[in-house]
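Enquirer: Fit chain S with the ligands to the known structure of chain R by using the hints.
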Amino acid sequence: MSHHTLPRPGASVFVYEWPVRLWHWANALFILVLIVSGWFIARPLPTMQIGEATHQFVMGYIRFAHFAAGQLLTVGFLGRIYWAFVGNHHARQAFYLPLWQKSWWRDVLHEARWYAFLESRPGIHVGHNPLAQIAMFLFMVVGMTFMIVTGFALYAEGAQRGSLPDQLFGWLHDALGNSQLMHSLHHLGMYFVVIFMTAHIYLAIREDIMSRQTMVSTMINGYRSFKDDDAA
Amino acid sequence: MSQIETFYDVMRRQGITRRSFMKYCSLTAAALGLGPAYVPKIAEAMETKPRTPVIWVHGLECTCCSESFIRSAHPLAKDVVLSMISLDYDDTLMAAAGKQAEAALQDTIEKYKGNYILAVEGNPPLNEDGMFCIVGGKPFVEQLRHAAKDAKAIISWGACASYGCVQAAKPNPTRATPVHKVITDKPIIKVPGCPPIAEVMTGVITYMLTFDRLPELDRQGRPAMFYGQRIHDKCYRRPHFDAGQFVEHWDDENARKGYCLYKMGCKGPTTYNACSTIRWNEGTSFPIQSGHGCIGCSEDGFWDQGSFYNRVTDLTQFGVEANADKIGLTAAGVVGGGVALHAAVSALKTAQRKSQKTKTKDAASKSKEEV
Ligand code: HEM
Ligand code: SF4
Ligand code: SF4
Chain R
1 MSHHTLPRPG ASVFVYEWPV RLWHWANALF ILVLIVSGWF IARPLPTMQI GEATHQFVMG
61 YIRFAHFAAG QLLTVGFLGR IYWAFVGNHH ARQAFYLPLW QKSWWRDVLH EARWYAFLES
121 RPGIHVGHNP LAQIAMFLFM VVGMTFMIVT GFALYAEGAQ RGSLPDQLFG WLHDALGNSQ
181 LMHSLHHLGM YFVVIFMTAH IYLAIREDIM SRQTMVSTMI NGYRSFKDDD AA
Chain S
1 MSQIETFYDV MRRQGITRRS FMKYCSLTAA ALGLGPAYVP KIAEAMETKP RTPVIWVHGL
61 ECTCCSESFI RSAHPLAKDV VLSMISLDYD DTLMAAAGKQ AEAALQDTIE KYKGNYILAV
121 EGNPPLNEDG MFCIVGGKPF VEQLRHAAKD AKAIISWGAC ASYGCVQAAK PNPTRATPVH
181 KVITDKPIIK VPGCPPIAEV MTGVITYMLT FDRLPELDRQ GRPAMFYGQR IHDKCYRRPH
241 FDAGQFVEHW DDENARKGYC LYKMGCKGPT TYNACSTIRW NEGTSFPIQS GHGCIGCSED
301 GFWDQGSFYN RVTDLTQFGV EANADKIGLT AAGVVGGGVA LHAAVSALKT AQRKSQKTKT
361 KDAASKSKEE V
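The listed protein sequences derive, respectively, from chains R and S.
Using full-length UniProt numbering, read the first sequence as starting at 1 and increasing by one per residue.
Using full-length UniProt numbering, read the second sequence as starting at 1 and increasing by one per residue.
Here chain R stands alone, though its shape is the one from the complex:
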């Protein structure tokens, strides 16, 4: 972030510790599985005649993939929250917005102008740029939590009354009224995730090319390298 002392051009700073990187790529995989399987839960594949119904489990496997990825995603998410407490300060950045800092708001404006082509040079950031931080916050704290909570509420129905998921999340159905509504909300949540991913992947690659620091490789090797060769 720009209120830190500016790194030397060509320098590298260690940003993402291995648990954060591992989580990032595992999470990406789980979400991909969840989107594809979720889509086919709502709109199943055309009927197949592989064998007798007892020997064929197409919908069953799709739902299994969804639930397994969902559970893994949840465990990963809890681990990621744990790491926000014990990891370096970059590990915390996606979980809060420093709305009280004037300098942060200035950076938000600057970054917004950069994306709107009104600023010829982007800011220089060790962690997330502030706009990315807002997006990350919306995705992590709002989006992921929403999908996990609604997902487990749906899961509680299959797990049956009195089961652990039911005891933890079943009351949400009663609060909402009709479980069909829960399906709709969970389904709409998928598009929130899809939209975030579209923007996230585009911006990460664009920043990698156009900004003054590395992006994609940072999430692989953990180091943020600064590309500036001019002193300006």
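Note that these hints are calculated values from the structure, not bench results.
Only a predicted model underlies this, so the values are computations on that prediction, with no experimental measurement involved.
Positions of the beta carbon are idealized from the N, C-alpha and C atoms, including for glycine.
Take every hint as true, because none was put in to throw you off.
Counterexamples of contact, computed for chain S against chain R with all Cβ distances above 10 Å:
(1) Val10
(2) Ala37
(3) Thr92
(4) Gln106
(5) Asp107
(6) Ile134
(7) Ser355
Subject to a maximum C-alpha distance of 25 Å in a straight line, what follows is the list of computed SDA-like cross-link-like pairs (lysine to any residue):
(8) S:Lys263 with R:Trp39
(9) S:Lys349 with R:Leu118
(10) S:Lys181 with R:Asp174
(11) S:Lys149 with S:Ala96
(12) R:Lys227 with S:Ala344
(13) S:Lys263 with R:Gln160
(14) S:Lys181 with R:Ala175
(15) S:Lys234 with R:Leu172
(16) S:Lys326 with R:Tyr191
(17) S:Lys263 with R:Thr47
(18) S:Lys349 with R:Arg121
(19) S:Lys170 with R:Trp171
(20) S:Lys186 with S:Asn127
(21) S:Lys152 with S:Ile70
(22) S:Lys349 with R:Leu203
(23) S:Lys357 with R:Thr214
(24) S:Lys326 with R:Ala135
Expert: Same frame as chain R, but now just chain S with the ligands:
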């Protein structure tokens, strides 16, 4: 209270033999999911306990609950329970009418203060001081409040009393309101469905009459033994669901083979009821067995969940005929388009800046040469 008859007395008076009475007790125990050990308990309760009176009132409704109730599969249950009920007050089933009927209601309330069960079919509309439903010259909501005041417990029959049903569907012009939102100080048991299954109704009422308490309820206040699982959990077409074998059109080969109705909008996966176990009309069939998906009639707000024939609900808030996929794909498309556009402009700008840089360099070198 010694002058009040027991259930057994009533049954005997109705010409029911001891043998039939014991059969009824076993059947009731089975229907309620109780073990054989409960049969003598039920019998004893019915022989010794004074009969619990029932008042049955009707608000905004279509009488489908009453229609279902009087068709209970086991004729004994029907005769017995019905004779116990019609003795007191039910303006649809009783012989009396008009002033006489209202007097009977008043009599029962006074005679059995704090001891009777109030069964409510339908719900009170609250707009315009309740004028959309008048019973005996007064808004139904007044009769409901009056009868509820001294009731021991209340049964909310059907989707109307439990959740509001069609008269409470958006935008609910009469403000039809489920019973538990009007009466808040009494134990209320919800028996939803449009209508509820007859055996469920007689089962619930027999349980309350014999054991003098509410059966185990779930978080929404429904008897857990009948509403503890979804239609989907016990549906005999479930193997086809898991296999991914669906009816794709109403008249296709898969429909003839009896495949899963999920793609035809079956609401079985989101509906808690006993249809797939107890079935209807003396256990003859139930909607899915006759080839039509469940419409989710026992769920809160089932009229407001879009079409009966879609799994992905129409979301009218977003305009005509939109559903989660249409909204999501549109939004994703807009964002995707925005991304493509932004990428193109980014590339152009970068190219422009580069060529400007080289131009200025060229210009600089040229001017050097000239000097
Ligand atoms: C990024 C995360 C996720 C996405 C994109 C996603 C997507 C979806 C979609 C599109 C559906 C179909 C909804 C419909 O019926 O219209 C669905 C259903 C479901 N999801 Fe997820 N989901 C996610 C996370 C989770 C999680 C964490 C769980 C928890 C285990 C979960 C459990 C379920 C369950 C139980 C269903 C209902 C399955 C059924 O009705 O057969 N989901 N999901
Ligand atoms: S027909 Fe309906 S309730 Fe039965 S398995 Fe299919 S979706 Fe579930
Ligand atoms: S199958 Fe569904 S819609 Fe039909 S009666 Fe049962 S709960 Fe109601």
